[in-house]
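Read in my numbering, the sequence shown has 19 at position 19, and its numbers run on one by one without any break.
One or more hints might be untrue.
[As the list claims (entries may be wrong)] Taking CB as the label site, the calculated pair distances span:
no.	residue 1	residue 2	range
1	Asp25	Arg122	36 to 44 Å
2	Pro90	Glu148	19 to 27 Å
3	Pro124	Gly100	14 to 22 Å
4	Arg28	Ser53	34 to 42 Å
5	Glu148	Gly91	32 to 40 Å
6	Arg28	Met128	25 to 33 Å
Worth flagging that the hints you see were computed from the coordinates, not collected in a lab.
Where is the CB? At the ideal position from N, CA and C, for every residue including glycine.
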Amino acid sequence: MLTVDEIARRVRDLGGGPVRGVDADGLRRLCESWGVERLPRVYLDFLSQLGVSAGELLRGTDGFFPEILSLPEDVEEFFAEDEGGMPRPPGVLVFAMHQGYQVYWMTDVTVPDPEVVLYTERRPEPLMTWPSFTHFLNAEFELSYGSEACSGVIG
Numbered sequence: 001m002l003t004v005d006e007i008a009r010r011v012r013d014l015g016g017g018p019v020r021g022v023d024a025d026g027l028r029r030l031c032e033s034w035g036v037e038r039l040p041r042v043y044l045d046f047l048s049q050l051g052v053s054a055g056e057l058l059r060g061t062d063g064f065f066p067e068i069l070s071l072p073e074d075v076e077e078f079f080a081e082d083e084g085g086m087p088r089p090p091g092v093l094v095f096a097m098h099q100g101y102q103v104y105w106m107t108d109v110t111v112p113d114p115e116v117v118l119y120t121e122r123r124p125e126p127l128m129t130w131p132s133f134t135h136f137l138n139a140e141f142e143l144s145y146g147s148e149a150c151s152g153v154i155g
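When you get a sec, could you build the whole thing from the sequences and use the hints?
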């Protein structure tokens, strides 16, 4: 299992686009926009290193700053229009949206590395769950760069 630091380093090495994190002012604005006092440590690490752009990682997903500043409004609209789907669970923090029909949320922002859930519209239950943000990020890294990048065998 790779750490956020290791994934950020490998994304830089592998290329596929710019790699940039969110600065302290951006993190403050994000917490303000989302109405939270703090973010989980591992997600904060991700934002600090890869939160603006992350090469091929999460390409096509609205999970990067500054677009994620408007997520609270987008999420309200998503669940309001999700006929036949499940309601938004209380207390979750939606941190990304993919193509307007999928949302990713963290179930408990009080833990350092929270569980991540993927929900697709019009379904009675979530599509997928990862035991932690680290597991989620590793899975997405492998999807974007291949299993060789995860194992360290590159080129």
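Failing hints, ascending? Numbers 2 and 4, in rising order.
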